[in-house]
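Chain order of the listed sequences is S and B. Mapping to the numbering used here: the first sequence position 161 is 161, numbers consecutive. Mapping to the numbering used here: the second sequence position 460 is 460, numbers consecutive.
Check the hints yourself; a few may be wrong.
[Claimed, not checked] Below 16 Å or equal to it, Euclidean Cα-Cα: the simulated EDC-like pairs (lysine to aspartate or glutamate) are:
id, chain 1, residue 1, chain 2, residue 2
1, B, LYS318, S, GLU593
2, S, LYS318, B, GLU593
3, B, LYS61, B, GLU422
4, S, LYS179, S, GLU166
5, S, LYS581, S, GLU499
6, B, LYS540, B, ASP480
7, B, LYS61, S, GLU255
8, S, LYS179, S, ASP203
9, S, LYS330, B, GLU593
10, S, LYS61, S, GLU255
11, S, LYS179, S, GLU280
12, B, LYS581, B, GLU499
13, B, LYS330, S, GLU593
14, B, LYS179, B, GLU270
15, S, LYS83, S, GLU206
16, S, LYS540, S, ASP550
17, S, LYS61, S, GLU422
18, S, LYS61, B, GLU255
Just so you know, these hints were derived from the structure itself, not from any lab.
There are 2 protein chains.
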Amino acid sequence: MSYQPPVREHLFLLRDVLQIEKYANLPGFADAPLDLVEQILTEAAKFSAEVLAPLNSVGDKIGCTWNADGSVTTAPGFKEAYKQFVEGGWPALGADPQYGGQGLPAVIAMASSEMSSSANMSFSMYPGLTHGAYTAIHHGGSDAQKQLYLPKLASGQWGGTMNLTEPQCGTDLGLIRTKATPAADGSYRVTGQKIWISSGEHDLAENIIHLVLARIEGAPAGTRGISLFIVPKFLPDAEGKPGQRNSVHCLGLEEKMGIHGSATCVMSHEEAVGWLVGEENRGLALMFVMMNEERLGVGMQGLAQGEAAYQAAAQFAKERLQGRSLTGPKNPDGPADPILVHPDVRRMLMDAKAVLEAGRAFLFWTALHGDLAQSDPDDGVRQKGEDYMALLTPVLKAFFTERGFQIASDAMQVHGGSGFTEHFPASQYLRDSRITMIYEGTNGVQALDLVGRKLPANGGRAVSAFMAEIDAWVDANGGDAALRPFADGLALVRGQLQEATMWLMQNGFSNPDNAIAGSADYLRLFGLTGLAYMWALIAKAASARIAGGDADPFYANKLVVGRYFLERVLPDAGAALAKVKAGAATMMALPAEAF
Amino acid sequence: MSYQPPVREHLFLLRDVLQIEKYANLPGFADAPLDLVEQILTEAAKFSAEVLAPLNSVGDKIGCTWNADGSVTTAPGFKEAYKQFVEGGWPALGADPQYGGQGLPAVIAMASSEMSSSANMSFSMYPGLTHGAYTAIHHGGSDAQKQLYLPKLASGQWGGTMNLTEPQCGTDLGLIRTKATPAADGSYRVTGQKIWISSGEHDLAENIIHLVLARIEGAPAGTRGISLFIVPKFLPDAEGKPGQRNSVHCLGLEEKMGIHGSATCVMSHEEAVGWLVGEENRGLALMFVMMNEERLGVGMQGLAQGEAAYQAAAQFAKERLQGRSLTGPKNPDGPADPILVHPDVRRMLMDAKAVLEAGRAFLFWTALHGDLAQSDPDDGVRQKGEDYMALLTPVLKAFFTERGFQIASDAMQVHGGSGFTEHFPASQYLRDSRITMIYEGTNGVQALDLVGRKLPANGGRAVSAFMAEIDAWVDANGGDAALRPFADGLALVRGQLQEATMWLMQNGFSNPDNAIAGSADYLRLFGLTGLAYMWALIAKAASARIAGGDADPFYANKLVVGRYFLERVLPDAGAALAKVKAGAATMMALPAEAF
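So that you can see chain S by itself, here it is in the shape it has in the complex:
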């Protein structure tokens, strides 16, 4: 049995936990009543399970091929699947109806993208990058640019990329050297080499729209002199169709540990024709609009790989017969018991469930706040939505990519020796998931963003609102006997988060290294707090179902996994707090030559 999309989980979250029907007054939600959402997600699940999942291993084993003419051929089956993907309207799910999109809330689009990412991460990166390019142009492009590019990007007819990295310049974008020279017609000529460009060249779409960071001649040094350009593979002709071939070419593909199905390209721009997006020297801010969306998506990729890996491990654990339960045989007629009877195998699977089920809730909950930030009529709700999106994007990106990789590693462990062979899917999940901790800003960069920028923004307004919301939940629900353990666990970790936040504020002023030294552990503590809050919301929703007489074990099982989270995942929060408070002194004490 291969990947089974968790539509049941999605519907429970949307209906019972997030209660999206409350937002039927808002655009997007108005057109997506729950029965329609169920239809859409069921179709998306079918496509992911039947079309995308079978190609996952093909992409890994065959990968992409760079041809001598600079073209790139994707793995067998990818082109046909992409055609179906576009024809099914899947890329347009969350896009603006003004440009041909379906205008569904981001939280619904996220549920769909989880499934395609679990089924085939490499495949899903092509539309993922396209949607990022769509977002940047939607946010910063001229009307003409929007009219020309957005419908093609929204539909997936054209692909998109982000051209940031250069050999000397990864995280530190101030070091960009790619140059842009103004031409007489208002366009630019872009010259420079870009590396690690996902979807930089491929055979899936009829055109590829590169969004390229470059310096206009004479621009200030550093990050304040960087502009954003549209550089299409084929220059659109007068009718908006792919015309003349532009001088942007793929020089080769990167050899990587995973995501072999995704074309990671070295791109050379040689006086390529490009058009400025937004203002001169303001490119980085625009790129971050795109990047922030991608970061949330990468957090979901991490979770999605964890989910797929967990499913493979759970299946293996139910089928593989080896040893006997210590409490007496559970499969007495067979040669041995399924390894699911062994507590240490259970432990790994329960660890996964405890993070995946609440992690999905945390991602959806944040995406819903993003939807509210766009369209809620209440100023306060919109502001809170924006604050939460800004605050939580680095948390979700880093926490779920780290946990997704950990789950993939545990899933391999459940497989034993089989997991290390390439005959089982565990290796691919482990190898593919590892990149999510690195790209779109390493997890260290996320932690720096959280502690250095997002926490102090607006006098700490976002984190204060988040803690106040938790306090209100604890006050309102702590008296309910069924919810008491969840309220207690949540109050405990919220107190630890508060203590860590205060420590960073008090000690980061005197020495900024103090704040960053603990940033990764602070981010973990934040992630655990978010999970504890989500388990509280899930427990409340499940308890309400049970109290209402619903005997489906789905709900009782949620309470079990939630308790497991409290008992066996949440204790890590105390260790994270202690590490935050250790500060930078010892960490930074060794001279460079001691490494």
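Please arrange chain B on chain S, whose structure you already have, making use of the hints.
Below, chain B alone, put in the same frame as chain S:
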């Protein structure tokens, strides 16, 4: 700069921390004064760095080739390197002088094997398995078998393997189906298929001696009906030279995520000629002699991969220029600072050092106890040595393979996007190290062995001795101001280990699942306790040097890394204790269909 063998670390441990000169009265040690040990390790370092390390990537990229005639060709350069390895006498370092070995203490041989494993894990597996076969025959073989096989195995002229796993039988060796039928001449005919046989077939040695688990016809079912056989690839002729080809053949190689340079074979025994080792139906006990040695070696492999990965990351962090220190530029004339200035990069490198430096001490310290168990004239010392070896083998195997993989993953993270490409060594370290958590008994099996067998053995004698030794150290050294933080940290974690041990004893009786549910976390807590003890010993040795006027920063740096361990690694112990005490109830509560 590639792998630099840490001979300085080795000598500090042997001389200052373990003070091996105290044992000059014992065989082995008597012939290995420190200046000779330094010469040996310096030569081993040279061989590892100059011959083995350059072949590591070759082994990964080209791997082994299975030929249509059933032969296996190792990666280019491996055969020549193996010849040099044998000619240099390296395989014989720790072997019995009676059979051509050099008889050095195991702790010295371990230092040498760390270096070959760091330099080229796949290569080092060939002699590693050979030494395991040597140990099994040395322990259980007849005199004739010893005379025939041991000198050839000790020298590395012949290779060795362990043939355990079958498709239906991994951890649960009771399910073995391979059959052995007695022949008229006292030999047996062995028939069955074995999988995942490391070094099962290759072109390095002129003969390969398989140690094969099989059932003699009519033997009892389960683990009590398994016997151990010698099945040589070529039957030794009257002169002990490789004679007639035996009917044991390699049917193919496993496709794996890593250790591509190691030949992982499917082996088919078709009425192959074999000879019983030891008694009928007592094969498993003998195989465990071999397995236990391998397990200690695998713990060292985990650490060795962590060390190599750490070194690559440290080098990258000193060379890669990106961003600026938050406390002011450290490389003001360059375009950016080396990323080592960023606290989150430091964190990952310091995490590695805190585990590697004390981890090596813990492995050496245990190996030294193994040496004392063999040869100390004092009954009590020998017994304690045996107790510690038995108790700590599963701890060292699981803890350092888990940590080694974590360090390899952090090392990739330090590299950023470069780490995910195959142009840097980070990917190979990550992929290679992952198998160490699985083979020679998964880490879950180690935790089960620790909690289910090793803890309760002899009424808990081993763990009581370990804790008493720690108490004595704390009592003797806690009054020293320089050592106080180390004594305090050690006393704290030792108390947590005691509490966890008591909990397991009290709650494991009523329900054995309670003990196993916490076994992995208990093992982590044990590992952290061991590291805390080793940091205490290291701090004492370094402080003594400093007090004696030695101004080499090596010693002061040790105290910094030790403090970092106390501040930022040891806090995980509290979380591990909480998880142990959570028990099995919630973990085991879900029905199988909920997974």
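Now the hints, each set against the structure:
For the hint pairing LYS318 of chain B with GLU593 of chain S, the CA-to-CA distance comes to about 9 Å; that is within 16 Å, so the pair holds. Simply put, LYS318 of chain S and GLU593 of chain B have alpha-carbon atoms about 9 Å apart, close enough for the 16 Å limit, and the pair holds. Under the criterion of a C-alpha separation no larger than 16 Å, the hint pairing LYS61 of chain B with GLU422 of chain B is consistent with the structure, at around 9 Å. Restraint check for LYS179 of chain S and GLU166 of chain S: the C-alpha separation of about 12 Å stays at or below 16 Å, so the hint holds.
Pair hint LYS581 of chain S plus GLU499 of chain S holds up; C-alpha atoms about 9 Å apart against a cutoff of 16 Å. Distance check on the hinted pair: LYS540 of chain B and ASP480 of chain B sit about 10 Å apart at the alpha-carbon level, within 16 Å; holds. For the hint linking LYS61 of chain B to GLU255 of chain S, the alpha-carbon distance of about 11 Å falls within 16 Å, and the restraint holds. A distance of roughly 28 Å separates the Cα atoms of LYS179 of chain S and ASP203 of chain S; the hinted pair therefore is violated under the 16 Å criterion.
Taken as a hint, the LYS330 of chain S and GLU593 of chain B pair is honoured in the structure, with Cα atoms around 14 Å apart against an allowance of 16 Å. With a CA separation close to 13 Å, the supplied pair LYS61 of chain S and GLU255 of chain S stays within the 16 Å bound. About 13 Å separates the Cα atoms of LYS179 of chain S and GLU280 of chain S, which keeps this hinted pair within 16 Å; it holds. A C-alpha spacing of about 9 Å is found between LYS581 of chain B and GLU499 of chain B, which places the hinted pair at or below 16 Å, so the restraint holds.
Between LYS330 of chain B and GLU593 of chain S, the direct Cα distance comes to roughly 14 Å. Compliance with the 16 Å bound is thereby established for this hinted pair. Among the hinted pairs, LYS179 of chain B with GLU270 of chain B is consistent with the structure: their alpha-carbon atoms are about 10 Å apart, no more than 16 Å. A threshold of 16 Å between alpha carbons decides the hint, and for LYS83 of chain S with GLU206 of chain S the separation of about 11 Å falls inside it, so the pair holds. Straight-line distance between C-alpha atoms of LYS540 of chain S and ASP550 of chain S comes to about 14 Å, which keeps the hinted pair within the 16 Å bound.
For the given pair, LYS61 of chain S sits about 9 Å from GLU422 of chain S by alpha-carbon distance, which is consistent with the 16 Å threshold. A C-alpha spacing of about 11 Å is found between LYS61 of chain S and GLU255 of chain B, which places the hinted pair at or below 16 Å, so the restraint holds.
This entry does not satisfy hint 8, going by the numbered hints stated previously; all others are met.
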